[in-house]
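In case you want the letters, here they are:
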Amino acid sequence: MQRIAVPPREDWPQRAAELGFAFHTIDGQPYWTETAAYALSAAEVDALEDAAQALEGLCLDFVGETIERDDYDGFGLSDAAITLVEDSWNRQDKNLYGRFDLAFGADGAPKLLEYNADTPTALFEASVVQWEWLEHHFPERDQFNSIHETLVEAWKHFGLYGHRLHFACVRNHAEDEGTVDYLRDTAMQAGLDTERLYMDEIGWNGRRFVDNSNQPITTLFKLYPWEWLMAEDFASHIGPSSVRMIEPAWKMLLSNKALLPRLWARHAGHPNLLPASFAPGDIEGAMVRKPLLGREGAGVTLYDAAGRETLATPASAESSSDFVYQQAVTLPCFDGHYPMLGAWIVASRACGLGIREDDTAITRNSSRFVPHFFQ
Amino acid sequence: MELALSTSRRYAYVIGMRKSRSIRLVLLGSLSLVALAACEENDPLKGADIIRDQKECASRADPDACRMALADARQTHVQTAPKFANRQECEAQFGANNCGTPEQVLRFGDEANPQTAGASPAPANQQQAQQGGGSVFMPLMMGYMMGRMMGGAGGPWAAQPMYRDAANTGYVGNRAGTAQSVGTLSAKRFPDIPPATSVARRGFGATGTAASASASS
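Chains as they are written, first to last, in our numbering: chain A, 1 to 375; chain B, 376 to 592.
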């Protein structure tokens, strides 16, 4: 894997805007970065695809066994949440997408840093924007990215023809709105009837969730974390409403970082897993402390082998105060840039890669998206 | 050429690449939505003619208008075209070889895939689609009617998708609402209209509104 300099297209902001990429610049800083690109080998892409596919298999097995054994240790789930997890799994509610954040370990194998299983973003830039960039600069080269067609195909198997599919996210957040609009675009291309609204517009009529026209919401794609839903006023209506959610409630077992020590306990030594525990003393060498629930790198602390804190990001009000500990991977550093490899899963199939890089070894919401190709 | 999943390596060796073969957006970007006027008095299509391809459009209107009109027609087409569980039912209404799966019917106007009236989808793909469990069939969009909204010069362009009729001799439109009464699948739409009595709102979203953190990652 190399980081190469590529001349940016002079009109890239205009091109991005024409694609509908509304968040290429965030807080005045470029988020989409095309002054460079990551060049991977086909063998590296194969390793990433295999790792993501293997991890998805481990995760699905984990959900099934956890429910079967009624063993929710470490997740901090309420009884109400467990009921929704079990009901959605037993009903076989379908999952749409997720992103494994990976880094190559010292042994050359991709290692799971975490699974963004519930509300992943950086999707549109991985699926569409870096593809358009590649077609412009290097049309003869390949990219690990069939995310778009895999999404369109996936929607056809949700059993939604004849029903309306609603999409919801928070207000005033360009990245989330862009992600939801893109997913809605792919659903429309699969021939689905769609509607979009904001989370706070969702209504409850005593029997069903309804949209702004008081039409029932029977299937809801929500770019909104399950643990937030469960803490809010309408939480108790989710079960009785019989609404189908995407992602389904069983993703609460995968989007929680308790997954990391639980997976390690089941599969210690797996080449794509890092040692992880609920207790810091179990981890040898440098390690990372992560909140059970938290996004965009909030509340993450790095420790060196002597247990000294070397780097930390501020916790957010929403990140939890319970932690897991994971052996640290030394992220490669290219001229001060630390790339994180986001392997995309659509309908449980590994189908693409999006790379974000940061100036530090913790990938945060200020990290930048950099396109890739392989040869 | 039809869309094909290129994720599996075994398959990738056959077709060569693991990247998307083509990407089209119907909602985002320059193909953005133009809202249609709802009431007949302001019928934007009054006096409109059927446009059968983008060349025909280019001879009558400027490129921006053609792009807007095509995007609008596609949007309406995707949202309201009747959907059928099998090809036969669809063709009974819209003529032989005039129906396809959603990917096929959306290709109208793509420069790489000029879809002209009467063109039939590739037989191999028909077979594949008929065998596929999740497939539905929709009429192919064979053209569109375009006009300015609210009848005003300088107003935004709007368009309606047009289909062939059952005998394949003329065109039929798809006014919002009417098409939903045909089609075995879409006829089941909204079986459950709730009473419009007290609806509580704002029961979700509070965490996101107050959050310093992102809802996504």
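Just so you know, the hints here were simulated from the structure itself, not pulled from any lab data. All values derive from a computational prediction rather than experimental measurement. Ideal Cβ positions, reconstructed from N, Cα and C, are used throughout, including at glycine. There may be inaccurate statements among the hints.
Stated by the list, open to error - Computed, partial: chain B to chain A, Cβ under 10 Å:
(1) K394
(2) R427
(3) Q429
As the list claims (entries may be wrong) - 25 Å max Cα-Cα, derived SDA-like pairs, lysine to any residue:
(4) K430(B) / R442(B)
(5) K430(B) / G545(B)
(6) K430(B) / I398(B)
(7) K94(A) / T83(A)
(8) K94(A) / K430(B)
(9) K94(A) / T218(A)
(10) K94(A) / R207(A)
(11) K94(A) / S510(B)
(12) K94(A) / H157(A)
(13) K94(A) / G285(A)
(14) K94(A) / N461(B)
(15) K94(A) / R69(A)
(16) K430(B) / R207(A)
(17) K94(A) / E18(A)
(18) K94(A) / R442(B)
Hint validity - R427(B) Cβ closer than 10 Å to any chain A Cβ: With a closest approach of 22 Å, the R427(B) hint is violated.
Straight-line alpha-carbon gap K94(A) to E18(A), limit 25 Å: violated, 33 Å
Given the hint that K94(A) pairs with K430(B), does the C-alpha gap stay at or below 25 Å? violated, 42 Å
25 Å limit on alpha-carbon distance, applied to hinted pair K430(B) and G545(B): Holds: K430(B) and G545(B) sit about 20 Å apart, inside 25 Å.
Have a go at the Q429(B) hint: is there a Cβ in chain A nearer than 10 Å to its own Cβ? violated, 18 Å
Checking one constraint from the list: CA of K94(A) to CA of T83(A), max 25 Å. Satisfied? Given pair K94(A), T83(A) holds - Cα atoms ~17 Å apart, limit 25 Å.
Run the distance test for K94(A) versus R207(A): straight-line Cα separation, threshold 25 Å. holds, 23 Å
Need the status of pair K94(A), N461(B): alpha-carbon distance at most 25 Å? Since the Cα atoms of K94(A) and N461(B) sit roughly 24 Å apart, the hinted pair holds (cutoff 25 Å).
Measure nothing beyond the straight line between the CA atoms of K94(A) and G285(A); if it is 25 Å or shorter, mark the hint as holding. violated, 39 Å
Quickly compare the C-alpha distance for K94(A) and T218(A) to 25 Å and report which way the hint goes. holds, 14 Å
Once the shortest beta carbon distance from K394(B) to chain A is found, is it less than 10 Å? holds, 4 Å
Given the proposed pairing of K94(A) with H157(A), does the C-alpha separation stay at or below 25 Å? With Cα atoms ~9 Å apart, K94(A) and H157(A) stay inside 25 Å; holds.
The structure fails to meet hints 2, 3, 8, 13, 16, 17 and 18 from the earlier list, while all remaining hints are met.
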